[in-house]
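There are 4 protein chains.
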Amino acid sequence: MIIILAPSATDSDIDELVNNLKERGYGVHLSKGVEKTIVGVIGAHDDQKPVLAEQLSSLAYVERVVPILKPYKVVSREFKPEKTIVRVGGVDIGGQKVIVMAGPCSVENEQMTLEVAAAVKAAGASILRGGAFKPSTSPYSFQGLGEEGLKILATAREATGMPIITEVMDTRDVELVARYADILQIGTRNMTNFSLLREVGAVKKPVMLKRGMSSTIEEWLQAAEYIANRGNYDIILCERGIRTFETYTRNTFDVSSIPAVLELSHLPIVADPSHGTGLYKLVPPVARAAVAAGADGIMVEVHPHPEKALKDGAQSLTPQNFSLLMKDLAAVARAVGRYV
Amino acid sequence: MIIILAPSATDSDIDELVNNLKERGYGVHLSKGVEKTIVGVIGAHDDQKPVLAEQLSSLAYVERVVPILKPYKVVSREFKPEKTIVRVGGVDIGGQKVIVMAGPCSVENEQMTLEVAAAVKAAGASILRGGAFKPSTSPYSFQGLGEEGLKILATAREATGMPIITEVMDTRDVELVARYADILQIGTRNMTNFSLLREVGAVKKPVMLKRGMSSTIEEWLQAAEYIANRGNYDIILCERGIRTFETYTRNTFDVSSIPAVLELSHLPIVADPSHGTGLYKLVPPVARAAVAAGADGIMVEVHPHPEKALKDGAQSLTPQNFSLLMKDLAAVARAVGRYV
Amino acid sequence: MIIILAPSATDSDIDELVNNLKERGYGVHLSKGVEKTIVGVIGAHDDQKPVLAEQLSSLAYVERVVPILKPYKVVSREFKPEKTIVRVGGVDIGGQKVIVMAGPCSVENEQMTLEVAAAVKAAGASILRGGAFKPSTSPYSFQGLGEEGLKILATAREATGMPIITEVMDTRDVELVARYADILQIGTRNMTNFSLLREVGAVKKPVMLKRGMSSTIEEWLQAAEYIANRGNYDIILCERGIRTFETYTRNTFDVSSIPAVLELSHLPIVADPSHGTGLYKLVPPVARAAVAAGADGIMVEVHPHPEKALKDGAQSLTPQNFSLLMKDLAAVARAVGRYV
Amino acid sequence: MIIILAPSATDSDIDELVNNLKERGYGVHLSKGVEKTIVGVIGAHDDQKPVLAEQLSSLAYVERVVPILKPYKVVSREFKPEKTIVRVGGVDIGGQKVIVMAGPCSVENEQMTLEVAAAVKAAGASILRGGAFKPSTSPYSFQGLGEEGLKILATAREATGMPIITEVMDTRDVELVARYADILQIGTRNMTNFSLLREVGAVKKPVMLKRGMSSTIEEWLQAAEYIANRGNYDIILCERGIRTFETYTRNTFDVSSIPAVLELSHLPIVADPSHGTGLYKLVPPVARAAVAAGADGIMVEVHPHPEKALKDGAQSLTPQNFSLLMKDLAAVARAVGRYV
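Protein chains in written order, with this note's numbering: chain A, 1 to 340; chain B, 1 to 340; chain C, 1 to 340; chain D, 1 to 340.
Keep in mind that the hints are not guaranteed to be accurate.
Same chains, same names: a pair is fine if it fits in one copy or spans any two.
[Unchecked claim] List time: in silico DSS-like cross-link candidates among lysine-lysine, alpha-carbon distance up to 27 Å:
1) 151 to 308
2) 308 to 36
3) 97 to 327
4) 205 to 151
5) 121 to 281
Read the hints as simulated data drawn from the structure, not as lab findings.
Input sequences plus hints: build the corresponding full structure.
Structure representation (structure tokens):
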């Protein structure tokens, strides 16, 4: 940690600061320049750093505190240089194969779910997605079927052999969802629900952590650190678009976060172009872009009749369009030395 | 709801759409212009609208769906024209008096809490704030004292007579926090934790709902609607800054949201310049601005020794600075026909 | 244009509005619903619409004005369904071939420029880029060689046969830059410099219009309309990243704008991953993503010694890395049915 | 400047870096920590720093470069601790009096302009604003009367005695506009039009520099430095809202930028709540907030018939509402120890 002092800092301010830091057991490195005095702080522990930075910033003679180390550790590439592969039900996420997760936004009923599951499997999907608990901006919107939806997903897993991924939104439901699902999904609206992160960190099931729509890459990796910190290292990250001033798309899909995450972290990363764009016509080109940028997987919403979908119809592909997309993705994956 | 058709829409597309809507029981109003055909949909219920808009957007011959009605109801001014006053422990929030909530970011120990409580009360604060459960971006940061912190707050209430406000982060803690607190706070990171919103909606205690750092005013009011929808109408809104590209301040305090909310909703609104700016030097001018813009209250972090605070030291005022701020706020409140 | 009236609108308000509109010669379509009254305005000309919308919004009984038509015309797909191909010096931009524009950020001297030009040509680039007039955030930074730089670019064109693209920043320099350059570039900082847009609209040279870093897609197309409106239809759009809260990358490259623009407009679109990310390590994956998403070209900064570059060293590729990138792009282009 | 090395940096990398820096004449300060090696660079001149930072960032063994000094100088408080007062036609901007600039968005004709000028003067305005050259997002919108508009403004100055402020958009018009206007305005869309900044820096008339809608405070001050760098120190800054995801308001008025600028710079700062909000109902509360936060002035759009305004009707006040606002501002100014 480096402390840049204000021009108004006096010698006695500097003495006070240095003594204060030494008393707390830190090493101190003082550098008086012509225009600025800089103090290096050595030896702060992980759990002291954010607090220390805040405390020092409150001093009138401190201009700015610059952290040197990254605020996450276990999920960083420096901690573990080799890529993590998350294994679930015979599927490897993070390896050479680009994994496709597909299915309806919401589980609406058994028949539709089985129909979509069979269709996406036939087209080459590896994992079935579907929401039983749905986060809706409006209290008047469909909120999901709950446990009934989980049971339908389990039936679809038996019918197709595909592992299932579904969202959990409440700490009280973690145990229930973990009983049915193969991968627990943390949605964008709960990326900073730290109680929920801790709870899924204590479960023995892989977790897919979507990026918060207003989260920096650094904060996203800190959220992953919450999960890892409780002992669950089977974490998959998912870029799903961030909130910007652009209104044509529902979110702005941050394609550069894919190579950035792959450099900063050893965790696999999946892309969700359905929520990333909100427009079904943009899903195929953005899915291709994500694979070209190095994504380990793609998550896509598929619905047999988007115009009758109970949720997110505007961004759902028909099974026919999904099938075409799979062919496109196979070609792009080959171009970057992978396969679908 | 108005549907703007794509230029490519054929007559048979239009017939299909109109028949589809009529079959579902909606009134339909067709207007063929020279350049665009527009379809008005009449009679959709609150719980059908978001779904219907999504479904229609998935049709290739639909260019855009424009909602006409606001997506919230109970919290709107149209629903209840007169301002809501939330009464708690003898304090009226939303009336002529501008209410000041002050206290430490985190409850660190009993002595400090009692010291700050006495100081802010002496300076004119009406409500004591303090965190027992703390949302921290890093898993390695201080997470709060939990129930121990709630007990200390209760002791401070007894000592000073001030009602207390504190954050709840987990659905499982709502009952516990409600037992101690006078006002339950939903933090910015949980504004879209819909399970938590529903849970505090079922409690008989006022709730202060902070704006999500990436939430529009409309989404914020929809989150309030979640709480009201469960029967709890004692809701206070709190502007605390939104996330933008500006990095000098921690967040960008959206002062215009104050008059906007007062026009759109009957709920009282409080401003938090501490989190809104993240810099203690900016807290007084932004607090004055909020009162000048019509805020019903101000929430400020006060710490006897910010340089030793376990959280958010950089944005905390000393009791001395808080006392000066109270004098400033009194003058500004008078200028806009109110008092502190 | 559709006017949604406030709940407070009285019958006499409505009469006043309708008469006012009819007097101005517009057709009026009134629809009184249970909850809202809506007025459709028919027949407003392109040059009246923005003004009319502003005027109506100022009426106390108007809640909102919703435009129906897009605010640009000549550059829209509806106006010209077939894709535009911009031809320059034997190179077609917008056809099957993905065009690569490469070169140094700034023209620093003749030797370096010729060296880079030869290297990028050998690796497969079609157009040489290089800045003679440089927009710098700081007045103390390198501002470019001016006409001297233009001459060096012309020499490089002669040496390699590649057409050259360079930025123009001042209305007074348009004639000068057009004398040397094959394509005039409007940078992100000048996308809303409307005087400059008009000036390059009157020139007989293709123009590449970079997206403003805070411009929506709609505003970007309106800026293109400024150029087209003066008679210059040879316009190439260039996505170069937008400003968001993310600080890891210099900008957030909006990959979904590529398919969006291709749907909304007939103009070709090029991607600039160098400015889009600001980090040379992220340039190759984002360039691949752009081609996979349908970009008609890629613009990349190449410098023989980025650590000695007078500008934007952090985002420049070495000729070696550029050569590797060209191989990657060839593979991805093939995967989407194109070639490099 | 501080260089944080990547964990992969070898001893020979470090030697290379240190030698490279020493050869260029910089002082070097090396600090090898347990986890990170840090290199301090001493003695870089203002014009070398941005380039040097870019160059170093391109080295594979450099993780990050942290600048220590601010990238602006002449406009900073450190350079000139006492507040600048800009004097124009007997009006002091930056002193105890809060200056109000008012008038129509566009100069439409002489009669309307004289009418508004007389009305705003009677209500207490000090400076007349009005656009002769108008930046419009659409090429089909009103673009202003040009020199004819400047003449009308000059007539209004004679009639009322108020100095006039008007926008200049083109380097070729600077001399013309400076002949008529008392203050030259640089609009938000031209804050990064560096040619224009340099041009107004060479003129002997005060300049009001609006914040770019996507500019950080730091970039805004760098733009001011461009003007000062050419010898014109009579600069007034103007906060007018930044672009965010919020769509209810046209921009998000960043009230905290006012105290921030007053701390970082000696230049006076004015607030424009008309463009900051885009909604006439929000102009009075946001204007009050700006004065409470310390603004040296307010710029407001006033039109006798907003519903007939040729530009920005939605955000214009009637003369009656402006008169009420002046009373409000007088009360708030008094509350913060100033007057209107």
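Against the structure, the hints come out as follows:
1. Taking the closest pair of Cα atoms, residue 151 and residue 308 come within 27 Å of each other only inside a single copy of the chain (22 Å); across copies the shortest separation is 52 Å, beyond that limit.
2. Only between protomers do residue 308 and residue 36 lie at most 27 Å apart by alpha-carbon distance; the minimum there is 25 Å, versus 64 Å within a single protomer.
3. For the homomeric pair residue 97 and residue 327, the shortest alpha-carbon distances inside one copy (14 Å) and between copies (22 Å) are both at most 27 Å.
4. Proximity of residue 205 to residue 151 under the C-alpha cut-off of 27 Å is restricted to the intra-copy arrangement: shortest distance 17 Å within a copy versus 36 Å between copies.
5. In this homomeric assembly, residue 121 and residue 281 come within 27 Å of each other (Cα to Cα) only inside a single copy, at 22 Å, whereas the closest approach across copies is 36 Å.
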